[in-house]
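**Q** Sequence:
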Amino acid sequence: MKRIAVYPGTFDPVTNGHLDLTERASRHFDEVVMAVLLNENKQPTFSTEERVAFMRDAVKAWPNVRVDSFGGLLVDYARKIGASVIVRGIRAVSDFEYELQMAMMNRRLIEEIETVFMVPSESYSYLSSKLVREVARFGGNISGLVPDSVEQALLKRFRSS
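Counting in the working numbering, the sequence shown runs from 1442 upward without gaps.
Treat the hints loosely; a few may be bogus.
Listed below are the simulated DSSO-like cross-link pairs for lysine-lysine, each with C-alpha atoms no more than 27 Å apart in a straight line [unchecked claim]:
1. 1571 with 1501
2. 1501 with 1521
3. 1483 with 1571
4. 1521 with 1483
5. 1571 with 1597
6. 1501 with 1443
7. 1443 with 1571
8. 1483 with 1597
9. 1597 with 1501
Hints in this document: simulated from the structure, not taken from any laboratory.
Whole structure, please, built from the sequences with the hints as guidance.
**A** This is the structure:
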């Protein structure tokens, strides 16, 4: 049976920390679906289409990783694509409390879908999309934190605002 994992997130923007977890997850599952969340409650810097395009470009080296977008309940999406695992990244204890609550609710909704927590490589343990956006907004150096295409798009976006 094919083991499919879904790695959901807003990915606004995708960071090298996300890609670190993606690459490592791709070694443990037959397929990893990077699922870009359509979230009306957030006002993302990049449109869903832009985030999906950045992600597709960033993961093209991994043949068992694909990119999609979804709205609604994650477990419903996971069931629809045949995923049995949800991959979530944990950087610090503060992430764990929220992620544990989400994992427990997801288990309550569909108990067959497991959540797997992964920690990033040490070099990305502090990295978040929000932090990258803030540094870019104020003209700081974000090279090495995001794919080159994302770096250029962030610089262009904040120069024009």
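**Q** Could you run down the list of hints and mark each one as holding or not?
**A** Consistency of the hints with the structure:
no.: 1; hint: 1571 with 1501; verdict: 24 Å, holds
no.: 2; hint: 1501 with 1521; verdict: 23 Å, holds
no.: 3; hint: 1483 with 1571; verdict: 12 Å, holds
no.: 4; hint: 1521 with 1483; verdict: 24 Å, holds
no.: 5; hint: 1571 with 1597; verdict: 17 Å, holds
no.: 6; hint: 1501 with 1443; verdict: 20 Å, holds
no.: 7; hint: 1443 with 1571; verdict: 34 Å, violated
no.: 8; hint: 1483 with 1597; verdict: 21 Å, holds
no.: 9; hint: 1597 with 1501; verdict: 24 Å, holds
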